[in-house]
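Q: Add chain B to chain A, keeping to what the hints say.
Quick mapping for you: the protein sequence lines, in order, are chains A and B.
Its first residue numbered 39, the first sequence is counted upward by one per residue in my numbering.
Its first residue numbered 1078, the second sequence is counted upward by one per residue in my numbering.
Some clues are possibly wrong.
Stretch by stretch, here's where chain A covers chain B in the computed footprint (C-beta under 8 Å, at least three residues) [said to hold, decoys possible]: (1) 1152 to 1159; (2) 1296 to 1307.
Chain A stretches covered by chain B per the calculated footprint, using a threshold of three residues with CB under 8 Å from any CB of chain B [what the hints assert, rightly or not]: (3) 117 to 127; (4) 169 to 175; (5) 190 to 198.
In short, the hints are calculated from the structure, not lab data.
Every residue, glycine too, gets a C-beta built ideally from N, C-alpha and C.
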Amino acid sequence: MSGPSSSHTLSSLYQHHFDWLHGWLRRRLGASQDAADLAQDTFMRLFHKERELALLREPKAYLATVAHGVLVNHWRRQALEQAYLDALAAMPCPITPSLEDQRLVLEALEQIASMLDGLPSRTREIFLLSQLDGMTYPQIAAQLGISVNVVQKAMTRAMSQCYATLYA
Amino acid sequence: MNQPSHLHPDNLHPDIIATAIHWFVRSASGTMDPQEELARNDWLAAHPDHELAWQRMHGIAGKIQQPARMQSLPVLHATLKTSAQQQRRRVLKGLVWAGTVLTSGWLLKDEPALRRLTADHSTAIGEQRQLTLAEGTALTLDSNTLVNIDYSKHMRRVTLLHGRVMINTAADAAGRPFVLVTRDGELRPVGTRFSVSRDAHGKHTHLAVSAGAVEIYLAGSQTPARTVLAGQETDFYPTHALAPQLLSASTTAWADGMLSAERMPLAEFIQELARYHQGWLHCNDAAGQLLVTGTYPLTGADASLRILQALQATLPISLQFRTRYWVGISLA
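Just chain A, same shape as in the assembly (with noise of 0.2 Å):
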């Protein structure tokens, strides 16, 4: 176990790595700006992180992997900003919600999109014709071709992933 003398403070990191950070989320993004601002966003999430930062072995292996993360999160806000538009472009008679309101809606997405990820297509699909439409689970087996036992199932798995994400 490392000793005090050998451990890492926020500070400490942020002065010897920052720019390799934003260096390797450069390589990552081409452009300089996001990197930027994703190397903050980096740094930020360590705050209340002091003690595992004290135990840190390979720290440059451990921002790379909390930068990951902030990558991910990155890349699913700008994929649901862009397929919002699309959506809304694609509507028959497109109303334009006022900015405030597509940020809202955009930041509720967010979460909803941040719980479900990696689950499988049509397990999100099940899960959101029950919470987002409230339609019944055989509306649902009817309307998919599926049995009602495999609506349960999904429903079932969704809602664990939820709550792992929420509370875990």
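A: Chain B only, in chain A's frame:
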């Protein structure tokens, strides 16, 4: 109830959470009968923790329904669907770059989480799942496993990207050969039940045959390197296959939802258990030499934590929880 959330991130018992999820899922079905409703209400009233878990369920539902107050449903569905597809492609593209720093343990656990998106079928850590393919071949996926299934006109191909899978092949009416592929080579079974495992960062594939026989073709080779018969197990690398050994009963116990050991060094046992543990398990050298004998059920949430506690009751070890996910094991 004003506990700081970072001190007690989740103080509810997993069984309570599982029951709350069950009742929530039933309540959303639209097909609940009055008796079920009574049973649910009894459960809710039985303990304040039940009520807390129930509120969390409704909190989740509320988050899903929130955007519907501001935006029409077709737009929301389309946005969520398209963005999930886009993000999937994006994360995969990002992964191509990821090779450079994937050298330390910090990242090892993270990478499979990304690659999971590419495959046809996957399981989360702690989850096991059974699949039956079109022609009747049955697959049991172990914890944290990723397989890709590709059935074409001429071939039934299953690729194991990482994790462990038990396969019970069925005869194909179209006569297509079945092949299981890993990074180290291909396996061609003859009417069999066999288990294959490949760790994401391991250097070899493990094969255990319960019935029939399996031929091993090393990566890029056209001739079989070895034939492994029922009751044998072996390891193979891209360059060679080891001589088969007698199959130990504990090797395939996982497919029945059990982790089984007979005088197995604790270090090895913990390595197995780590497959089912969300987070980091570390066993120090002294404790690693203790011998474990026993059969432990792998099912249920937090199975790995329950197994660790059971070990603690029978072996002179102590567990250090740095966080709920990061557990150290040493001699008591």
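Q: Look at each hint and say if it fits the structure.
A: Hint-by-hint comparison with the structure:
Note: the segment 1152 to 1159 of chain B has 8 residues with beta-carbon separation from chain A under 8 Å; the three-residue rule is met and the coverage holds. Figure legend: the segment 1296 to 1307 of chain B, annotated as covered by chain A; annotation inconsistent (0 residues with Cβ-Cβ distances under 8 Å, at least 3 required). Given as covered by chain B, the segment 117 to 127 of chain A passes the check, having 8 residues with a CB less than 8 Å from a CB of that chain where 3 are the minimum. For the segment 169 to 175 of chain A, the stated coverage by chain B is satisfied: 6 residues place a CB nearer than 8 Å to a CB of that chain, which reaches the threshold of 3.
As drawn, the segment 190 to 198 of chain A meets chain B at 5 residues by the rule of a beta-carbon pair under 8 Å; at three or more, the given contact holds.
Comparing the model with each earlier hint shows a violation of hint 2 alone; every other hint is respected.
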